[in-house]
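Line order of the protein sequences matches chains A and B. Here the first sequence is numbered in the working numbering, starting from 1 and rising by one per residue. Here the second sequence is numbered in the working numbering, starting from 298 and rising by one per residue.
Be a bit skeptical, because a hint or two may be false.
To be verified - Pairs of lysine-lysine residues, derived as DSS-like cross-links and limited to a Cα-Cα distance of at most 30 Å, are as follows:
(1) 573(B) <-> 480(B)
(2) 95(A) <-> 481(B)
(3) 569(B) <-> 481(B)
(4) 16(A) <-> 398(B)
(5) 125(A) <-> 480(B)
Keep in mind the hints are simulated off the structure, nothing from the lab.
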Amino acid sequence: MHQILSVNNLSKQYGKIHALNNVSFNVPQGCVYGILGPNGSGKTTTLGIILDILKANTGNFLWFENNPQNYKTKIGSLLETPNFYHYLSAVNNLKITQAISGRGNENDIDEVLETVNLSQRKNSKFSTYSLGMKQRLAIAAALLGNPDVLVLDEPTNGLDPVGIAEIRELIKKLAQQGKTIIMASHLLDEVEKVCTHVAILKKGNLLVNGNVNEVLANEDIVEVSATNKKTLIQILNTMSGFTKLIEEQHTIQLFYPQGTAQLDAINKYCFNNGVTLNLLTQKKKSLETKFFELTNN
Amino acid sequence: MLQLIKIEWLKIKRYPAFWWMFSIVALTYPGVNLIIGTIYNHTLVRTADKKEALSQIAKMLFGNPFEFPEAWHTTAYFSSFFISIPAILVIMLISNEYTYKTHRQNIIDGWSRQQFITAKMMDIVIISLITTIIYTFVSVSLGVYFDDGHLARWAEQLQYIPLFFIQSFAQLSIAFLLGYLIKKAFIALGVFLFYSLIVENILVSYLKWKLQTHAYKFLPFEMSDELIPVPAFAGGFGKDMRDAYEAAITAIPIQLVCTLIFTGLIWLLCYKLQEKKDL
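Chain A on its own, in the form it takes in the complex (with noise of 0.2 Å):
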């Protein structure tokens, strides 16, 4: 499969300040790559960087490994906040997006504010907007002529509930298209819904990256309960297997190490002492679980 994104190395200093440090990772086509870190981690900077508006102090990167020319001209992008000219309306911001980047045509314009719902708004000035529909216009803006790769920092910022929801369907319609997104969030609950691959940053550094299955999943997480909790707790104290046993308010959660776990056998065991479970579920950890873990110490 292709790299659409190699960054190697990267470093970036302000004054005394390492924003980034050494950081490299990969982007395989057709993935949603989320970046991930607390405020001030360094995911802005990163995005900053490939897109050429910052420049590292070592390290480089490389789009589209077989043909980088023009590369800008191919990406969709959103960073940090809506960009535009406040004295223009939606539409003749987009013809101008659409001229610098050559990405769509006219038409495209009209279907990408459909998209954001933004049309009835399209002939007001910018200026006018709310930041809803500042981001939205942002979005547009980025998807402007159905580019291949998305870059999207904080994508749903500004956004309502709804204006939320909406976005993150579009990120998954748009990654079923096969769109390569690299998208840079805090809000973690939003990058475990859509993303394929994760790199956490924290403080310039990358902790951790990868597919987000073999990122989250170094330990299986068995979730089981029955009618009766103490024997159950009783007879699970009596099987081998599993590192650790934590109550929780409902439920028993029993860890064990990477693909150990055999559901059908704690099943057996608990059945054949007595104990009938109503429920026997295997878990991915949460993003927010190993987030916290991995930024902690």
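Following the hints, put chain B in place on chain A, whose structure we already have.
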């Protein structure tokens, strides 16, 4: 290049300040020249009644400064006082890009860093062309309006048209550099006006009268101001003044070379900075 101009035009054509600048220049250039021309002619006519001899001398020496071919020079000189009007626009155009962060967005969307500067340079070329066209129109109109039988000599001093253009471009380039470096419109404008109207005039006087050197001719604004020297009639009488005028006219080619080099350096600096800095 044409594509860059088209995109800049999309930005400018709906920008109210652009049309304000255009209107103010279109009123100021003819207005100021007409007022000065009328006053001059009135004074001449009135003194002609009382002191026939003096006015005859004046006329013999200078002709009517608003008649052809002197009209090209005279109107260029008075119009050039108002460079701060288009300079406001130039500073607004670059500081807007910073305010709206479109200086980043344009690059993200596909321009190279250099293309951004080239596009801005094209803005200034266009604005200089507009002021030059208005100036040309005013010269022609006043040359015809104040004509006293010299219409046939209209083509004699046409060099003031390109000189006016180069002067405008050079001085607006300084305005751009200030806007580009300072980023904030009001501060950049303040620096531009304070320096061009006050500081440099003090420096010129100091160098010229106190130190008696010609170094003042190489100050950023004075360098291109010298492309259009003070017209003969405004310089005063006397042999010294005549000599100074002749010297200033002869020095135009040197001033032109200096101006072109200085302006070239300004743009080179902008390109180099744009290449290196974080946007």
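Under the criterion that the straight-line Cα-Cα distance not exceed 30 Å, is the pair residue 569(B), residue 481(B) satisfied? 21 Å, holds
Run the distance test for residue 95(A) versus residue 481(B): straight-line Cα separation, threshold 30 Å. Holds - the C-alpha atoms of residue 481(B) and residue 95(A) are around 26 Å apart, at most 30 Å.
Can you confirm whether the C-alpha distance between residue 125(A) and residue 480(B) stays at or below 30 Å? Holds - the C-alpha atoms of residue 480(B) and residue 125(A) are around 24 Å apart, at most 30 Å.
Would the pair residue 16(A) and residue 398(B) pass a check requiring their Cα atoms to be no farther apart than 30 Å? Given that 30 Å is the threshold and the Cα spacing comes to 25 Å, the pair holds.
Does residue 573(B) pair with residue 480(B) here, judged by a C-alpha cut-off of 30 Å? Status holds; Cα separation ~17 Å.
Checked against the numbered hints given earlier, this structure breaks none of them.
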